[in-house]
Amino acid sequence: MSTMDLIGKVMQALVGLAAFGVVMALLLAFLDRPEDKPRMASWGAAIKQGLRPRVILIAAFALIAVLARVLYGAVPWMTQELTNAAILVGVAGIAVVVLQWLLDRLLQPAAPRVRSAVMRLLGAALVIALVILAQMAESIPALDWVTPALVLAAPIVGWPLAAALLATAAIAFLPDRIRRHVRLIAWLVAAVAVVAVAFVLEQGREQPIGVWPWAAAAALSIVGVLGYLADQHDDSKPMLVFLMPAALLLTVGLVYPAIRTTVLAFTDASGTFNGIENFVWMFTQPEALVTLGNTVVWVILVPLLSTAIGLAYAVFIDKSRGERVYKMLVFMPMAISMVGASIIWRFMYAYRGPEQEQIGLVNQVIVWFGGEPQQILQNSPWNTLALIVVMIWIQTGFAMVVLSAAIKGVPTEQLEAAEIDGANPWQRFANVTVPGIRTSLVVVVTTISIATLKVFDIVRTMTAGNFNTSVVANEMYTQAFRSGEPGRGAALALILFIMVLPVVVYNIRVLNQQKAIR
Amino acid sequence: MSSVAVTPDPEITPKSADASLGGTTRADRVKRRLTSPGATIAALIIAVIWTIPTFGLLLSSFRPAGQISTTGWWTFFGDPQLTLANYGEVLFSGSASSPQLGEYFVNSLAIAIPGTIIPLVLAALAAYAFAWVKFKGSSTLFVVVFALQIVPLQMALIPLLQLFVTFLQPFQDALHEAVPFISERQFLPVWIAHAIFGLPLAIFLLHNFISAIPADVIEAARVDGAGHGQIFFRIILPLATPAIASFAIFQFLWVWNDLLVALVFSSGTPDTAPLTQRLAELAGSRGENWERLTAGAFVSLVVPLLVFFGLQRYFVRGLLAGSAKG
Amino acid sequence: MKHARRMALPLGIVGVAALALTGCVGDAEPGASEEPGGTAAPAEGCEDYADYGTFEGAEVNIYGTILDEEANRLNESWADFSECTGIEVVYEGSAEFEAQINVRVQGGNPPDLAIFPQPGLLASVAGTGSVLPAPESVVANAQEFWTEDWQNYGTVDGTFYAAPLMASVKGFVWYSPSVWEENGWEVPTTLDELDELTATIAESEVTPWCVGFGSGEATGWPGTDWVEDYVLRTAGPDVYDQWITHEIPFDSPEIVEAMDRVGDLIKNPDYVNGGIGDVSTIATTDFGEAGLPVLDGECAMHHQASFYEGFWGEGVTVAEDGDVWGFILPGTEADAAAVTGGGEFVGAFSDAEEVVAVQTYLSSDLWANNRVSLGGVISANSGLDPANAGSDLLQSAVETLQDPNTTFRFDGSDLMPGAVGSGTFWTGMVDWVSGADTESVLAQIESSWP
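Residue numbers (the numbering used here), protein chains in the order written: chain E, 1 to 518; chain W, 1 to 326; chain Y, 1 to 450.
The set of hints was computed from the structure by calculation and includes no laboratory data.
Every clue listed holds true.
The calculated label-pair distances, taken between Cβ atoms and stated as ranges, are:
#, chain 1, residue 1, chain 2, residue 2, range
1, Y, Glu196, E, Gly353, 21 to 31 Å
2, Y, Asp149, E, Thr284, 37 to 47 Å
3, W, Arg222, E, Asn274, 49 to 59 Å
4, Y, Glu182, E, Thr284, 50 to 60 Å
5, W, Gly102, E, Leu107, 45 to 55 Å
Built from N, CA and C at the ideal position, the CB exists for glycine as well.
Model the full structure from these sequences, guided by the hints.
Here is the structure:
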């Protein structure tokens with residue numbers, strides 16, 4: 001591999017993490033506004049506050065620009081584009097830092113509402129500037145990288161976003177109750193507008209715009225909803241800073257696809273609505289019930305057995321010599337990919353006729369004990385158990401590691417007290433340790449249940465769903481990706497979702513109990 | 001690597017363990033008595049059963065290609081024949097189109113490290129908000145996030161890919177133009193995808209730990225005038241370090257072993273393709289090169305195990321032991 | 001605030017440090033000038049490629065199923081072309097191609113060119129409207145170098161999208177010449193002779209057949225090849241065509257008859273499964289390993305496509321007088337040459353000049369000869385010189401393909417809709433070989449036809 005490639009990759013990682021760090025730092029700077037604390041005595045003190053980090057930032061940006069200029073011409077790889085880009089980054093960085101500083105100082109004495117309105121106005125101005133810039137990109141040589149798709153996307157998202165920001169700024173001084181609701185409505189309207197604008201613009205175009213406007217609309221909606229929830233109470237506002245990044249990513253990456261899947265479940269391969277036909281198909285195909293039954297067996301056996309074995313093992317090795325090594329041995333399967341694990345076990349289960357030499361350990365052991373070698377992966381229903389063993393083998397490490405940590409958190413005083421009361425080790429375990437790690441147990445069982453419902457690699461690699469071993473997730477993958485029937489795949493995904501509902505409900509109850517205790 | 005060699009003899013464990021813990025506190029001894037020779041034997045049995053398949057794989061990876069699929073690996077003990085050829089093939093078989101494994105190793109690291117850090121940071125923040133910032137709809141939102149775990153990521157691939165192609169690709173190309181030695185095929189989409197897919201579980205797990213921190217600790221800080229930012233950085237982060245470290249291990253493992261996300265969001269070329277993608281290639285389009293799979297599996301196993309060893313001490317520290325007393 | 005800022009500071013410094021680092025490492029080449037379509041005189045050794053023009057700095061992405069060693073040879077096959085035209089060809093191979101090509105197309109991120117391993121897949125992707133019709137230069141090549149049948153496989157709804165690339169001949173029966181000579185067995189010339197031979201072999205120490213249907217998630221496909229080969233030979237090409245296009249039901253009597261004939265061989269416990277076990281092992285034995293007992297003389301025959309040549313392992317000579325050799329599964333009568341086979345097709349998602357140039361090159365006789373002389377594969381390109389084929393076996397396969405008397409039919413399961421061809425047909429074969437009877441298996445596949 002060439003050194004340049006390596007440097008390019010390391011740099012990508014560094015720049016990526018650095019950019020992420022800067023974004024998070026800027027975001028967190030919104031926290032803990034001075035009004036939480038005694039006000040600054042004077043302008044001087046106010047300016048001093050936060051001076052040092054900004055000076056360092058400015059110096060660093062300046063260094064980038066200067067370094068680029070000095071190196072230009074001195075070393076061959078410092079191309080003109082690179083130099084210009086570096087100088088641009090430096091100058092823009094300094095400008096942003098200074099502007100933010102000034103703004104921060106200027107707005108500090110103002111009422112929160114004024115601050116909020118001004119920030120929104122500035123945001124809107126920025127968005128509008130970007131949209132206009134995108135439209136002019138063709139005529140600006142430095143912007144030749146802006147693709148037609150981006151030029152098209154900018155106004156679709158930009159105008160509704162700017163409108164929402166302006167609208168919410170304009171109503172900053174309305175009474176609280178009205179303002180909250182109107183803001184929520186403004187964001188939702190903007191979300192609808194994105195989809196509507198995209199729909200209008202798509203007419204008469206050869207290349208479809210795609211489904212991303214729906215994702216953008218979902219993002220705008222979640223901004224509105226979170227803002228609405230945070231606006232209920234002054235103490236709730238910091239929630240926005242903590243939650244917004246995750247909420248945006250989840251909305252775009254998972255909530256929207258989940259909604260899309262639900263819609264898809266009622267369409268056929270060509271995307272037209274076909275009612276509940278996919279569900280009818282699902283329950284009338286010959287192996288449907290076997291598949292559903294298998295999934296239920298999986299989701300009962302895997303979490304229970306993995307957790308039980310993991311817990312027992314964690315207790316047995318707790319404080320023993322060589323605990324680390326013990327942990328490592330059981331943890332190891334987790335570090336192997338699902339496909340890798342499946343391949344290992346296919347070899348464990350391999351079958352050769354009775355007169356041949358066995359190459360699979362399980363059959364060899366059977367032969368050693370005088371039995372007939374078995375077609376482990378073919379003999380239904382035992383083959384499903386053979387596949388489940390693989391998943392248990394993997395997940396026990398997870399249960400063990402989490403529960404071991406939890407056991408160490410059980411207060412020793414309680415154990416001592418139980419011992420003084422004359423409890424034997426089993427009673428101490430059942431009456432002190434288990435209640436002490438109950439939360440962790442719930443977490444482990446829940447996580448493994450969900451992982452089990454989603455697993456398809458094991459089935460696909462080991463039996464490809466043949467011999468009555470298929471599970472819902474495997475069928476889903478096959479239908480959506482192999483057979484070109486996304487509707488059927490989506491319908492199966494919905495079934496998975498319904499199967500996980502009991503787990504969700506149980507967790508809500510535990511959650512509420514905890515809240516009640518607090 | 002055999003478990004027998006490194007684990008203590010069950011007969012002598014209790015005594016020698018007591019001896020080695022001679023200077024320990026009473027509390028340790030109380031816990032110690034939970035285990036017994038029977039328990040140690042049970043632990044040994046579990047450890048051996050759990051290790052045998054991996055051990056077989058390890059042994060197979062050193063056996064000549066022809067033998068792997070014709071005789072069982074245990075026959076090695078009667079007829080020891082070892083070779084490094086499988087590893088040689090996996091590590092050093094390179095060409096112009098598919099360079100040696102080292103390059104993919106770098107890619108895997110470049111994907112897995114940010115792919116772990118980014119969701120962890122975001123999830124810790126979100127988990128704190130759900131646990132300790134009071135806002136309307138908090139429980140409902142948390143349940144929604146929790147339920148998102150079940151969204152099959154296969155269903156999310158296409159919409160996400162469209163977003164990336166429309167909004168990220170132009171910027172990636174621009175970066176490549178400005179800095180030519182950064183390829184236009186970058187890791188950014190893979191990071192974001194992993195962050196998204198890892199978030200629900202991360203938030204759920206971290207929330208469980210963070211919300212279990214005793215309320216009086218946080219109340220005390222609030223009374224002292226600390227804002228949410230201070231509480232998060234000064235109290236929550238230090239206390240939740242073991243939880244964060246343990247989740248970091250799991251997220252790292254998932255990202256490291258992932259193939260599906262990489263297939264869709266990385267370019268598939270040596271510029272960004274991770275180890276898993278290369279190993280799948282080496283195994284052949286029909287998975288016929290068994291000897292390479294065995295060696296490849298061990299090569300890719302090394303890093304996760306190192307990470308586990310490195311972060312393991314965080315598990316050992318009591319999860320909440322410090323907070324109640326301090 | 002103080003504390004948040006304090007955390008912000010180190011984060012900011014790390015960020016800036018990293019940004020600053022971007023300015024002080026490496027030694028990249030200065031950006032190459034990009035002037036497509038230049039017409040300078042061809043360089044030394046580039047005369048063959050002069051017609052394609054030169055494209056400095058252009059890049060073409062190709063996505064396909066071909067992996068590892070085969071992918072290296074593929075890259076080698078266009079190395080000269082790249083050198084002379086300046087087009088950098090970036091090939092990406094994936095075993096998940098069939099699923100991923102749909103994801104990428106729908107995600108708006110298709111490759112420039114895709115190498116489709118099955119016409120059925122080409123048809124379904126072309127159905128979304130994203131595959132571009134073949135440019136004129138490719139159409140011209142296709143008409144010059146390929147038979148009408150082959151052109152039709154690259155045609156969807158009357159539009160020609162993709163020219164064929166490589167080909168493979170299915171239906172080889174592999175055997176060990178030395179073992180056969182010892183026992184005095186002769187290569188059969190009709191299917192009846194094959195049945196007789198099988199019975200004869202079964203009386204000896206050797207098991208007649210080795211069979212393995214295992215292939216991960218594609219388990220069952222070797223079985224479909226058996227059935228297709230027999231349908232083509234016993235029922236004839238017309239029935240075969242009607243069968244794969246569903247003009248006759250999947251479970252027509254002719255198909256039942258052909259499949260039963262396969263069953264007589266491979267579901268007979270006396271005839272299988274040499275060196276591995278009984279009939280039930282067929283479903284789980286990996287096809288890649290299934291034929292290897294032929295080398296040890298544990299079984300006499302193994303039915304698999306020409307590409308199996310690469311599976312025998314190092315040090316095994318594939319020759320008529322070597323360790324192992326193959327004959328094409330005979331017809332019902334002697335000299336009734338009918339073969340099934342497979343092939344790849346190159347479809348385009350971009351009409352940029354450099355993409356057209358690559359696509360045209362891949363459809364030319366020049367490429368076919370370049371690639372085939374690197375070994376391992378063949379092509380049905382009529383401009384291919386059989387002497388370029390890498391081995392005796394491939395040479396005979398090329399000659400079979402180019403022989404005008406040969407009835408060639410494409411692998412049927414590759415032409416059927418995905419739900420059958422890579423779905424129920426596969427799983428049906430597994431059920432069948434695990435004991436289900438022919439009629440019910442075929443009826444179930446029939447009911448799944450979309």
